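Colleague: For chain A, the structure is supplied; the task is to place chain B on it using the hints.
Protein chains: 2
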Amino acid sequence: MGFEYLTNVPLDKAREDYLKLLTANGFAPKTEVIPVWDACGRVTAHAVYAHICAPHYAASAMDGVAVNAKDTFGATETTPVTLNADQYIVLDTGDPIPEGCDAVIMVEDIVKNGDGTITIHAAAAPWQHIRQIGEDICAGEMILPSHMTIAPAAIGAMIAGGVLEVEVIRKPVVGIIPTGDEIIPPCTDPKPGDILEFNGSIFSAMVRQWGAEAKVYPIVPDIFDRIKATVAQAADECDLVILNAGSSAGREDFSVKVIRELGQVLYHGIAMKPGKPAILGCRGETPILGVPGYPVSGIIVIEELLRPLIDHWLKAPAAPRQYAKAILTRPVVSGLKYQEFVRVRMGYVGDKLMASPLSRGSGVVSSFMKADGILEVPQGLEGYEAGAEVQVRLLSPAEKLEKTLVVIGSHDPLLDELGDMLHVENNDVYMSSSHVGSMGGIMAIRRGEAHAAGCHLLNTENGVYNISFMKKYFPRGGVKLVRCVGRQQGMMVAKGNPLNIQKFADIAKPGVRYVNRQKGSGTRILTDYLCKQEHVDAAAVYGYDREELTHTSVAAQIVSGSADAGMGIYSAAKLYDLDFIPICIEEYDLIIPDHAWETPMVRQLIATLKSDAFKEKILSLGGYTVDDPGELIELN
Amino acid sequence: MGFEYLTNVPLDKAREDYLKLLTANGFAPKTEVIPVWDACGRVTAHAVYAHICAPHYAASAMDGVAVNAKDTFGATETTPVTLNADQYIVLDTGDPIPEGCDAVIMVEDIVKNGDGTITIHAAAAPWQHIRQIGEDICAGEMILPSHMTIAPAAIGAMIAGGVLEVEVIRKPVVGIIPTGDEIIPPCTDPKPGDILEFNGSIFSAMVRQWGAEAKVYPIVPDIFDRIKATVAQAADECDLVILNAGSSAGREDFSVKVIRELGQVLYHGIAMKPGKPAILGCRGETPILGVPGYPVSGIIVIEELLRPLIDHWLKAPAAPRQYAKAILTRPVVSGLKYQEFVRVRMGYVGDKLMASPLSRGSGVVSSFMKADGILEVPQGLEGYEAGAEVQVRLLSPAEKLEKTLVVIGSHDPLLDELGDMLHVENNDVYMSSSHVGSMGGIMAIRRGEAHAAGCHLLNTENGVYNISFMKKYFPRGGVKLVRCVGRQQGMMVAKGNPLNIQKFADIAKPGVRYVNRQKGSGTRILTDYLCKQEHVDAAAVYGYDREELTHTSVAAQIVSGSADAGMGIYSAAKLYDLDFIPICIEEYDLIIPDHAWETPMVRQLIATLKSDAFKEKILSLGGYTVDDPGELIELN
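If you read the sequences in order, they're chains A and B.
Numbering (this note's numbering) for the first sequence: 3 to 638.
Numbering (this note's numbering) for the second sequence: 3 to 638.
If we strip away everything but chain A, and leave its shape as in the complex, we get (with noise of 0.2 Å):
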């Protein structure tokens, strides 16, 4: 096994010939003697075997009195045996047998007689209500075997057999090297260029809910010597180290050439992606990972090649991995030369387990926050067609996923605050929301991807929303309109208006860079609508075709300064502090399928809909009006 210079091998050849050759090196696990009592969820690194019995002792199993069991032979109802108080021991449950006794009998089957004899009625079999020695455990048993997860019964087990300590295996210490010029501490105020270093902290958490132990270095700048230097001593002080290097192939990257000077590169470049070129290298025993600055490929990195080592070293794994199977809601297109890992958000939608591709961009990491789970396209397949069936490893257990409501559709910051009031309210039911603009969301509920679906949808004929479209889409019914909320729609412009921006027509003026919503979304609809009627020709607005996703993140544009206009809610404008001109109240409802209706999650939405604490905390957010919330829409 070369060197090889940015190839692309496949992941499972690379992630065996890593192993292989890490263990040819003499990685593998070392071991250390703690105390059974510190020992909850360690691995056993030899079997365990019980120094002394447990019961230790022969014991009463009762309250009463210990016999020889051959002086109460021949007892019976009719010929009842005295016992004087030389023949019988009072003893309490967990008591020992005293010498020579070798039965128990029951206090209730005791008369007393007052003399400080005793009377029986019942012969006493030898070893009755005795606990044996070793009923529990016998001394020389074995406890546990090797390479097994230690449970709490466990430590109760060898503590019984008087086993204080236990060789473990140690947790293997994960070193995280964070480098890059342009990385800086977590802070609340970075300047522009600058990248706030959080892969370290998303890295430990990882690998210690793998069983392992983190040690993040402090960011090392982009200078050759001082990489090579943290990675030296990163080597000498733990088991495995990641090197997480600035993935920009503008600047010089040091990590390659550092670890071969330090040891040995196996492989640069797997066919994986996210995650391309990742570089698998060691000092020795000691595995040294080159994982993309970006973190949801340093994320898919470490999960695919780190977590194998720790496994490998942990012997037993921390967490098992757990798939199911689900339908794609949308096609998923993959390139041939790479296994492609995608994030997908899931939901049981009736008894079909949904899974909807997320953004693929390895910057976004809030995508893998709102992952309930990977697809693995392996390499050499183009991709699924929606509605195929795929297998997903899941990020969410399977309980979670049947408890949550599904709601895809048009976007405002209140289906956030929904979801946390009635996650509130009822612990049992979770939210998951993704937006696809008004058309989008009635889509998704044709193909039955979704429980509800927020929609605001102006019928400009006759300036009703929402319902025409209902009879257009869902000719056969199956659906039913909730009342949500009125909005305040309104262009967002920049505190203070410095252009000067009055009505809609003004995004036309020459200097307003305008930035739009996505087509298929309401308020884009609205924004053509308002073009037409207004004779704004939308081909010479600057940043028409400039398209969000979100009200808040046109907002943000505008605040940055990277924009001056935008359609928008009253309620994001607020939120960003913007100067807001009004346009209009639309009427912002949720459609909700008949399938859906009686789910405990949809039931719980009406709840709170319906719930006074609802009310009050949208009219708090401004720019809404409430009337009726949860009631049902007529549609005839």
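Treat each hint with caution, since some may be false.
[To be verified] Here are the computed lysine to any residue pairs in the SDA-like style, where the Cα-Cα straight-line distance is at most 25 Å: (1) B/K511 / A/A71; (2) A/K576 / B/G164; (3) A/K354 / A/I329; (4) B/K521 / B/P477; (5) B/K534 / A/P128.
[Unchecked claim] Chain A residues, not near chain B, derived (Cβ > 10 Å throughout): (6) K32; (7) Q89; (8) E143; (9) P147; (10) A234; (11) G286; (12) G389; (13) N464; (14) G492; (15) C533; (16) A540; (17) T552; (18) I585; (19) H597; (20) A609.
Derived by calculation from the structure, the hints in this document are not laboratory data.
Quick caveat, the model's predicted, so the values are computed rather than measured.
Cβ coordinates follow ideal geometry from the N, Cα and C atoms, glycine included.
Modeller: For chain B alone, coordinates are given in the frame of chain A:
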């Protein structure tokens, strides 16, 4: 809800009333603010909102040049556009977009002219190759709702959103108070009557697994005022208190009185088994749970009555309970008056998940360690028939059960060694063995409950082991007989052989206390056969009815002086340093059903049996002969 003394209240009602009383008294989670990088696995107290956008500046998504898109309009292959040095700015991926620029052109699409100018052959669309502000997270957006468990990616998202501290639910602190005059700290040489304190270690490990913290107080002797003072102190210092009382009814039980004097006792006596004597009490908002002293009762009481309080506090239970349907291998009889919790050993045989009830002794902590699941028999039900399909709560993950070799039959310590070796050789294979004797093993194979059964049954007519029994019990075949070991059977007697036992018939001598094996075990069949052969009247042998389940437990009775002689194998005598009178060598083989033959577990078993390491290990134990272990024995 008044006070009731020694009630028999149904478990569900007890749990519900207890939580109702406690919440009315103010039992509710406390919160704390911690750095986000320490927050993995913790639960949010409130919704978390982003403080800044991520990215917080418009950034180049490529290496290339930043331009004003207008300057490039009209550029095509045939009408290229040349930009002067002041019309473009070179930048790398991640660099901020300079003032006045609104597009990035990739380095590959640029021709450098050498004079500082560049030429391009396609117009740039505004905002191309620019990562917009807030592409990942927008300031003001909800990153996480309330009461959600924080995953690694969420830590990254919070830091990216400028959130460095997060308010989480504080881990509740559970105070654990062991009491009892007979209780001593763990040691390796307890005196008769001493009971090692290990409940505190078990309970601590349990509550930590559920997300709480544990504080174990020093052992308190049975002195009312000292118990009361310690409980009061724990109620001051902790959020929940476990009072682990000696549950012997023979001595005074102070628990109820202590709790009543400090606060309130809601119920004393729950309709559950084990665990009936549990006490549900509190001091104001602080629950004080009186837990019986037997470890198994304690574990069940804490699982059923304390865990719901911790889950309620944490809002997001650490580990949801897993259930599976399984087939009972033996009947379970239960009292109508109680809800009963029966520990079961489990394994997949074929595609059926089998559940075998374990010892129900509440002092037998090892039974909990061996248990893979808990069968709950509802109050009012008399139990289940063998073969019934029952719902079992899993203690072992289902994946582990699928990989477990189920061995039921004759006991031999080498089975533990075999299980250890095959798991070390292949961490993906586990072994679970139950000791029910050779005949029990044959029956288990016939009922399809096991992958293998250890067997040593002598045909007294021809002196051949096992083969005739295979023919009798498997007349239509369907099983294989695999050679395992030859083993030395004989009489175990105390060191120095004080009663001068020379031959089998000496067990009938006056003064000799014999200890036997259970009916159906190969050793018992051999013993019964020897009685006939040597003309020993079994009824006249003292202790012939005293039955132990394993060779080691027979040896343990002899070494402790509670018996003088017992039949068993040499390795058990050696383990306990007993004298041994050899009687015969028997063949100990393994019966394996054809349907299990190709499973990974059986394949690994055969590979281990055939390995040199196995032979070495077995010979080192002493008392065994090995002759081609792992080979098939001809049955015709």
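Colleague: For each hint, tell me whether it holds in the structure or not.
Modeller: Here is what the structure says about each hint:
1. B/K511 / A/A71: Within the cut-off at roughly 18 Å; holds.
2. A/K576 / B/G164: holds (20 Å)
3. A/K354 / A/I329: Judged against 25 Å, a Cα distance of about 7 Å means the pair holds.
4. B/K521 / B/P477: holds (24 Å)
5. B/K534 / A/P128: Satisfied, since the Cα-Cα distance of roughly 24 Å is no more than 25 Å.
6. K32: With a cut-off of 10 Å, A/K32 remains clear of chain B, as the shortest Cβ separation is near 17 Å.
7. Q89: A/Q89 clear of chain B: closest Cβ-Cβ about 18 Å, beyond 10 Å.
8. E143: Given a closest Cβ separation of 6 Å, the condition is violated.
9. P147: violated (4 Å)
10. A234: holds (25 Å)
11. G286: About 24 Å separates A/G286 from the closest Cβ of chain B, which puts it past 10 Å; holds.
12. G389: Its Cβ never comes within 10 Å of chain B, the nearest being 28 Å, so this holds.
13. N464: holds (35 Å)
14. G492: holds (18 Å)
15. C533: Given that every Cβ of chain B is farther than 10 Å from that of A/C533, nearest at about 18 Å, it holds.
16. A540: At roughly 14 Å from the nearest Cβ of chain B, A/A540 sits farther out than 10 Å, so the non-interface label holds.
17. T552: Since the minimum Cβ distance to chain B is about 7 Å, A/T552 lies within 10 Å and the statement is violated.
18. I585: Label holds. Min Cβ-Cβ 22 Å, cutoff 10 Å.
19. H597: holds (26 Å)
20. A609: At about 17 Å from chain B, A/A609 clears the 10 Å cut-off, so the statement holds.
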